[in-house]
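Dock chain B against chain A, hints included.
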Amino acid sequence: MPSYVAKPTPPNQDKRWKLVDATIRRQGQQARGLIETLHTVQEAFGYLDEQALRYVAMSLRVPLSRAYGVATFYHFFTLKPAGEHTCVICMGTACYIKGAPQLLDAVQRDLGIAPGETTADKKVSLLTARCLGSCGLAPAVVYDQEVAGKVATPAIRERLKKWTSA
Amino acid sequence: MTPEELDQIAETEREEQSRFTQRVNVCVAAGCLSCQSQSVKDSLDQEVARRGTKDHCQVKGVGCMGLCSEGPLVSTSAGVLYKKVEAADGAAILDSLEGKPVERLVCPTDVPFFQRQKKIVLENSGNIDPERIEDYVAVNGYTALIKVLTEMSPREVVDEVTKSGLRGRGGAGYPTGLKWSTVAKSVGTQKYVICNADEGDPGAFMDRSVLESDPHRVLEGMLIAGYAVGASEAYIYVRAEYPLAIKRLRNAIRQAERVGLLGSNICGTRFSFRIDLRLGAGAFVCGEETALIASVEGKRGTPRPRPPYPAMEGLFGQPTLINNVETYANIAPIIRNGGHWYAQIGTEKSKGTKVFALAGRVENTGLVEVPMGISLREMVFEIGGGIPEGRKFKAVQTGGPSGGCLPTECLDMPVDYESLAKAGSIMGSGGMIVMDESSCMVDVAKYFMDFCMTESCGKCIPCRVGTYQMHRILTAIGNMKATDQDLKMLEELCDLLKHTSLCGLGQSAPNPVVSTLRSFAEEYRAHIQEHRCPAGVCDK
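Residue numbers (numbering that gives the first Met the number 0), protein chains in the order written: chain A, 0 to 165; chain B, 0 to 539.
Excised from the complex, chain A in its bound form (with noise of 0.2 Å):
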């Protein structure tokens, strides 16, 4: 391995960037460790900016545009902060058949925002899955990383009222 780039120091002092320099180097430093460096940036920071996709990439040492080519193709990457709550409404095929899009319906209208944005308070953001894979318990919403089963408008609605109004 070419030793003569030296390793980049973190952008700024922060101590999570102590977490992402664990992974680049049980990675080896290499490209290959991309993504799962990436997962770590996020699971540490929430997403990914500018700033932390430069570092890594220069700490893997692959072109910016890579980066930024492998965290937009991912659905799981997300280069802009979310709210205090997320709410993510699973829009797998048996949550589809059993009404999730009319809880959809119901929440865009409550929240006047699309899957994906965040409301402007920046108290809840809402999100879209392809499916949880909690498929016996349709139509499945995460309320924080929470799985709900079975959820039905009313339920969904006063939920998110209190978000928003707390």
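Don't read these hints as lab results, they were simulated from the structure. Virtual Cβ for every residue (Gly too), placed ideally from N, Cα, C. Incorrect hints may have been included.
To be verified - Part of the chain A face toward chain B, derived, beta carbon under 8 Å:
1. Lys14
2. Trp16
3. Gly91
Claimed, not checked - Sample of chain B residues lacking proximity to chain A, with all beta carbon distances greater than 12 Å (derived):
4. Gln35
5. Ser294
6. Ile460
Chain B alone, transformed into the frame defined by chain A:
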């Protein structure tokens, strides 16, 4: 780790368990956990501690018991299954161990849902604690690996798998033995084994359940595969959307390393094997093997033309064996009981059992494992318990976005690779979604086309542009604005995508449209000519 040491672990664990005269198993797989099964387990634990019966009463967190819609599920050593258990029911359940069952919570197990199943892949699910390797060893875990390492040559292992007739459970049904022998014969400095756990099909959760309920079973299958093909490094490519499965896999790998079942010179032989996890990041196309390999290499998950097949040139250009979770989970029992035993189950061309995720408009939703060749009618009406609310059955969708919708006429068809393909669908990974008359087939076709359109990686034009055009036409039909000309175009596009796309995603993307056009043509006609939706979905 020597065979004797493994026996010792099993013996100690069995002795340990025989101390308990009473046992309560609580499902702690993702389905039941989201219905608060953890608090049920905690309350049982507290109650046992309070009563001071810890010495003879064991409360154990176990994997999926199948009937996810009735969760949280609890089973007891008295042979009773309880459904929809709440934390407050802890004391009543413990009382029932010595007396009569708690009537209001009993879930009958003498129904077809449980009786018609044949469990091979899921034999340990719901019985063992997925977070303890000792529990797995106590039910003959890793004995197949020991047998392979001490008594069999790699060639014999491949022959045994070939004899079993096992076919890839990821969906395409490629003979597993043939794949293994191709990789075994390939020449390379370093061979790799990959486990495809990127269960992207919406409506499928078999792999998640297997990983959460019995992770060591998958590791054992991968170890045996590694020995058979001559690989020493392996990756499990698992969806980041399955945090619990990831946690249990990491835990299982650590445990296996600690006792020396993973690492260098396993069981004192020259066989060394390492398994690492790679997290997917939400791209359906990564279920395609060449795209998956690109993703493991840290690149965008785009497929490449085959040949060369991964068996010759795969991960980092080396020979690579890729199988699905369920395929690996079948390996240990095949080695333990012999290929002939496995080949007796199922139909002539589709051997063994298949795990299905039954969901949608059906009474019993959850995970079932049935012998190949069972009829769709048995699946939907006996195991599934029929359609709720007295509605009428309309179709069953198999194979996710690459599969098709099978109408009433297909109900008596056996479920195997060939029959499903002939009827215009595919086996797929095992998602089975039942629809009743409240679903509009044009809307369903549009839903899947929307899925394929968004998930198309964009590398080849037929898929990138074709799925968009097809989605546009289906939307127009749903809006009652399409003409007969559009329908003709739709059919032409189906043909075009099927024959000119680069990978399986594009080639199979028209399947939902083709199958609904074939069986539900009158619904399309009603939308186009009469401007109405018979199911009342599109004109809302």
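Can we trust that Gln35/B is non-interface, i.e. its beta-carbon lies farther than 12 Å from all of chain A?
violated, 10 Å
Closer than 8 Å between Cβ atoms is the bar; does Lys14/A clear it against chain B? Give me holds or violated. With Cβ-Cβ at 23 Å, over 8 Å, it is violated.
### Query
Does Trp16/A pass the interface hint, meaning its C-beta sits closer than 8 Å to a C-beta of chain B?
violated, 20 Å
ask   = Does Gly91/A meet its interface restraint, that is, does its C-beta lie within less than 8 Å of any C-beta in chain B?
value = holds, 4 Å
Minimum Cβ distance from Ile460/B to chain A greater than 12 Å, as the annotation requires:
It holds; Ile460/B is separated from chain A by about 18 Å at its closest Cβ, greater than 12 Å.
Quiz item: Per the stated criterion, does the least C-beta distance between Ser294/B and chain A lie above 12 Å, as a non-interface residue requires?
Solution: violated, 7 Å
When held up to the earlier numbered hints, the structure conflicts with 1, 2, 4, 5 and fits the remainder.
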